[in-house]
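Chains as they are written, first to last, in this note's numbering: chain A, 1 to 114; chain B, 115 to 226.
No wet-lab data here; the hints were simulated from the structure.
Watch out, some of these pointers could steer you wrong.
Claimed, not checked - Pairs of lysine to aspartate or glutamate, DMTMM-like flavour, derived with a Cα cap of 20 Å:
#, chain 1, residue 1, chain 2, residue 2
1, B, 182, B, 119
2, B, 156, A, 56
3, B, 151, B, 163
4, B, 172, A, 59
5, B, 156, A, 62
6, B, 218, A, 59
7, A, 17, A, 30
8, B, 218, A, 38
9, B, 171, A, 107
Said to hold, decoys possible - Label pairs and their in silico Cβ distance ranges:
#, chain 1, residue 1, chain 2, residue 2, range
10, B, 226, A, 107, 25 to 31 Å
11, B, 170, A, 77, 40 to 46 Å
12, A, 26, B, 226, 27 to 33 Å
13, B, 168, A, 79, 42 to 48 Å
These numbers were taken from a predicted model, which means no experiment stands behind them.
Cβ atoms here follow ideal geometry from the backbone N, Cα and C, with glycine treated the same way.
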Amino acid sequence: EAQVTQNPRYLITVTGKKLTVTCSQNMNHEYMSWYRQDPGLGLRQIYYSMNVEVTDKGDVPEGYKVSRKEKRNFPLILESPSPNQTSLYFCASSFGGAGTGELFFGEGSRLTVL
Amino acid sequence: GENVEQHPSTLSVQEGDSAVIKCTYSDSASNYFPWYKQELGKGPQLIIDIRSNVGEKKDQRIAVTLNKTAKHFSLHITETQPEDSAVYFCAAGISGYSTLTFGKGTMLLVSP
Numbered sequence: 001e002a003q004v005t006q007n008p009r010y011l012i013t014v015t016g017k018k019l020t021v022t023c024s025q026n027m028n029h030e031y032m033s034w035y036r037q038d039p040g041l042g043l044r045q046i047y048y049s050m051n052v053e054v055t056d057k058g059d060v061p062e063g064y065k066v067s068r069k070e071k072r073n074f075p076l077i078l079e080s081p082s083p084n085q086t087s088l089y090f091c092a093s094s095f096g097g098a099g100t101g102e103l104f105f106g107e108g109s110r111l112t113v114l
Numbered sequence: 115g116e117n118v119e120q121h122p123s124t125l126s127v128q129e130g131d132s133a134v135i136k137c138t139y140s141d142s143a144s145n146y147f148p149w150y151k152q153e154l155g156k157g158p159q160l161i162i163d164i165r166s167n168v169g170e171k172k173d174q175r176i177a178v179t180l181n182k183t184a185k186h187f188s189l190h191i192t193e194t195q196p197e198d199s200a201v202y203f204c205a206a207g208i209s210g211y212s213t214l215t216f217g218k219g220t221m222l223l224v225s226p
């Protein structure tokens, strides 16, 4: 089954404790991206990757890191989480860029930073 | 950069009524306009998209219209059903480019 898998789905952590949210897709997509969803703000792009070892900033990259060492994986790293990073996070992938065609989203990771 | 405005933020209709959600965009270079539906507890899913070389596209009860001159596009859902209840996002982007700008979303509630 074609899918984007995120882990963990739910996480409560404390300020400053490094965490990683993993994302994996099984569709051989070149493009992957991370979004955060906040009430009243919609979906905002954090980082994206057009291919292995190619990453770029989205609209709200501060406080986040990403890496793309393999085509199927695109982890989101919060080196020192802060309460303003409490949010619902989505990973997405597609064959081309986001403006090319359908984005396939994961089911989301709800993060709470205390 | 691109800015997408979406209205209304919430919309309540009776089952069987029509629902219309409107979006405007700012970048005249944008030529790809998808709509995503997000059900409770799930990720957004593409329901329909339109490119700037067409003015309207239909898929069963769903249609999207595009007015490039006015820089606005709309989602039309006819004969609404309770399972249409969800959050709907419009977005704008440029074909071949890496980013898509989303609207803030519309929560649609269809009452039986």
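Hint by hint, here is what the structure shows:
no., hint, verdict
1, B/182 x B/119, "holds, 15 Å"
2, B/156 x A/56, "violated, 26 Å"
3, B/151 x B/163, "holds, 12 Å"
4, B/172 x A/59, "violated, 32 Å"
5, B/156 x A/62, "violated, 25 Å"
6, B/218 x A/59, "holds, 14 Å"
7, A/17 x A/30, "violated, 31 Å"
8, B/218 x A/38, "holds, 9 Å"
9, B/171 x A/107, "violated, 28 Å"
10, B/226 x A/107: 25 to 31 Å, "holds, 27 Å"
11, B/170 x A/77: 40 to 46 Å, "holds, 43 Å"
12, A/26 x B/226: 27 to 33 Å, "violated, 38 Å"
13, B/168 x A/79: 42 to 48 Å, "holds, 45 Å"
Of the numbered hints stated above, those contradicted by the structure are hints 2, 4, 5, 7, 9 and 12, listed in ascending order.
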